[in-house]
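Visitor: Chains A and B, in that order, are what the protein sequence lines are. Counting from 1, one number per residue, gives the positions in the first sequence under the UniProt record's numbering. Counting from 1, one number per residue, gives the positions in the second sequence under the UniProt record's numbering.
Hint data in this document are derived by calculation from the structure and do not stem from the laboratory. Glycine residues also receive a C-beta, built at the ideal position from the N, C-alpha and C atoms. Worth double-checking, as some hints may not be accurate.
Claimed, not checked - Cβ pair distances, simulated, as ranges:
#, chain 1, residue 1, chain 2, residue 2, range
1, A, G280, B, R235, 53 to 61 angstroms
2, B, S165, A, I12, 29 to 37 angstroms
3, A, S86, B, S197, 40 to 48 angstroms
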Amino acid sequence: MRLCPLRCTHFILPPKPENAVTVAVSTRVLFRTEREQKVFEQNGVEEYLRYQIEHENEPFAPGPAFPFVKALEAVNARLRELYPQSEELFDIVLVTYNHAHVGIRLINTINHHNLFIERFCMTGGSSPIGYLKAWQTNLYLSADADKVREALAEGIAAATMFVTEKLTEVSESQLRVAFDGDAVLFSDESERIFKAHGLDKFFEHERDNEDTLLDHGPLKGFLEALGKLQKKFYAKGQRLNCPIRTYLVTARSAASSGIRALKTLRAWGLEIDEALFLAGAPKGPMLEKIRPHIYFDDQMFHVEGAAEMGTVAAHVPYGIAQKHNQKRNESARK
Amino acid sequence: MSVDSARETLYHRGEADMVATIQNTDVKQEDAHGAVVVAVTSRALFGGDDDDDVSGVGVAFPLLQALQRVNQRLLEKDPAESLLFDVVLITTDSQQQQQSSRIVSSTRHHGLEVSRFCFSSQEDFIESLLTNNVQLFLSTDRNEALQASQQGVLSALLDRQGAPSEQLRVMLCGDAVVRPDAGPAPVSRPAAESFSSRLGEMRRRFGALDSPLSIVLVTSSGDRESCGVALRTLRSRGLGVDEAYCLAGAPRSPILSLLRPHFLLGDGVIGLED
Chain A
1 MRLCPLRCTH
11 FILPPKPENA
21 VTVAVSTRVL
31 FRTEREQKVF
41 EQNGVEEYLR
51 YQIEHENEPF
61 APGPAFPFVK
71 ALEAVNARLR
81 ELYPQSEELF
91 DIVLVTYNHA
101 HVGIRLINTI
111 NHHNLFIERF
121 CMTGGSSPIG
131 YLKAWQTNLY
141 LSADADKVRE
151 ALAEGIAAAT
161 MFVTEKLTEV
171 SESQLRVAFD
181 GDAVLFSDES
191 ERIFKAHGLD
201 KFFEHERDNE
211 DTLLDHGPLK
221 GFLEALGKLQ
231 KKFYAKGQRL
241 NCPIRTYLVT
251 ARSAASSGIR
261 ALKTLRAWGL
271 EIDEALFLAG
281 APKGPMLEKI
291 RPHIYFDDQM
301 FHVEGAAEMG
311 TVAAHVPYGI
321 AQKHNQKRNE
331 SARK
Chain B
1 MSVDSARETL
11 YHRGEADMVA
21 TIQNTDVKQE
31 DAHGAVVVAV
41 TSRALFGGDD
51 DDDVSGVGVA
61 FPLLQALQRV
71 NQRLLEKDPA
81 ESLLFDVVLI
91 TTDSQQQQQS
101 SRIVSSTRHH
111 GLEVSRFCFS
121 SQEDFIESLL
131 TNNVQLFLST
141 DRNEALQASQ
151 QGVLSALLDR
161 QGAPSEQLRV
171 MLCGDAVVRP
181 DAGPAPVSRP
191 AAESFSSRLG
201 EMRRRFGALD
211 SPLSIVLVTS
221 SGDRESCGVA
231 LRTLRSRGLG
241 VDEAYCLAGA
251 PRSPILSLLR
261 PHFLLGDGVI
271 GLED
């Protein structure tokens with residue numbers, strides 16, 4: 001453990017990027033910044049920065065990713081207890097294209113909420129993608145769908161988060177992460193069949209290809225990283241009260257198309273704690289029971305449905321469903 | 001303008017061994033009090049492949065172009081602007097000194113605005129820095145930079161990789177800005193503070209976006225609080241920061257290769273390679 005001479009209280013430097021599971025979050029998802037966004041949109045960047053500096057000593061309120069980040073820290077505390085010398089921990093970094101004039105307010109806010117965030121990038125407008133790669137980021141959460149798409153294109157697991165008013169209470173001691181299957185953990189190949197040829201063809205295709213592994217999707221790596229940390233708890237006899245729990249919440253059916261999903265996960269050596277096959281039923285009520293800190297889905301329809309019931313859902317703008325999303329946006333605009 | 005004839009005159013007066021400064025009458029001489037004088041060595045500027053008549057450019061070339069662009073933008077805003085970069089070229093290499101007219105013509109060939117050419121021996125170059133009121137000395141030679149720094153001149157090493165960005169990118173090492181109280185302050189600290197303040201004033205002539213210069217703060221080993229202290233300290237010196245990176249022990253080189261600074265400033269001399 002390396003100590004920093006500049007802090008009064010002893011603190012531990014975060015782990016090396018190659019050892020850690022790095023989760024990068026932007027300011028707009030970690031904190032609530034709607035008022036400031038409005039100033040920016042209505043009055044421009046100079047006024048926005050002036051406003052930020054003026055309110056430097058007022059911490060931001062928690063945003064949609066805040067409970068998730070707190071849960072990551074709770075896992076870290078348990079990992080440090082069991083493995084005091086290990087650097088296999090979550091490392092939460094703030095990656096924003098905000099201007100550094102907002103820096104002091106951000107640091108004040110992190111201090112106020114007692115967050116373990118020591119690494120950050122304020123790029124002053126240029127793309128943060130290079131820094132995500134430099135820090136071997138395992139997951140990137142942002143409010144900006146374009147930045148998320150850029151990250152996905154570079155092979156970094158990423159999702160867009162939204163501010164919602166309704167928030168169900170989540171556990172403070174157990175991190176719960178829920179994933180959709182197709183186009184999130186798995187590729188969108190089956191979804192393409194469904195969209196092009198309908199449900200019957202989809203079932204037929206899945207049955208015929210039951211023993212062929214699905215290709216991997218953008219969030220597979222993150223599930224893998226969670227699994228590695230879970231195994232560290234199991235190794236110390238903590239399977240029952242493991243502070244990480246993962247869920248698959250899929251529209252696939254248990255008896256048919258779900259089999260291929262499970263076989264694929266098994267072949268990848270990935271365990272998922274609970275697999276929920278909804279056979280097309282709405283996901284909202286199920287998520288409301290699970291209470292994940294974050295739920296990843298490629299379809300905005302499901303993200304919005306989850307949010308309506310108070311679940312923090314993040315959109316993964318990947319695969320064939322995005323064309324559908326675009327069409328919806330266009331018709332909504334008309 | 002003839003450099004050789006000026007040197008001849010000095011030689012006859014027996015002053016050839018001493019520092020010689022020749023003004024470039026093709027370039028407008030800056031107001032002595034307004035300008036920010038930046039000195040660069042010939043070795044750093046000319047190091048590339050040579051033509052028959054003209055020297056090829058080296059590491060310092062993109063930097064000089066960036067400084068010129070800042071000046072252009074400043075003058076666009078205010079044609080009477082006096083807070084401009086004033087570039088002085090220092091030649092200590094005896095081989096290059098023999099080709100002094102080549103240095104001058106090469107400078108002109110590459111479209112560079114150097115206001116003064118200084119020729120001095122390796123032993124006396126610090127004197128030429130002081131005489132010319134140099135506020136920032138840039139070299140590719142670590143020893144040279146260290147020497148100048150020890151005499152109170154703010155010095156920095158030029159990034160050997162060369163920085164392709166059009167925007168002048170100045171990187172500040174936060175760990176140097178905030179020093180623990182142990183140990184004496186570096187000799188060049190007052191020069192660093194004064195340069196920061198002038199640079200800050202220059203930066204404020206432009207808005208947050210589309211600025212020809214960017215101030216980048218990197219703290220390597222400190223925690224977020226040390227970065228916060230660095231931001232506040234620089235602000236109190238009149239220098240606003242555009243980009244801030246707190247590495248908290250993460251490897252520096254991947255970040256540096258993305259940041260592409262033209263040079264890095266600490267309180268003393270801190271290399272870009274480590």
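Visitor: Could you work out which of the previously given hints the structure breaks and list their numbers from low to high?
Guide: The structure conflicts with no hint, since it agrees with every one listed earlier.
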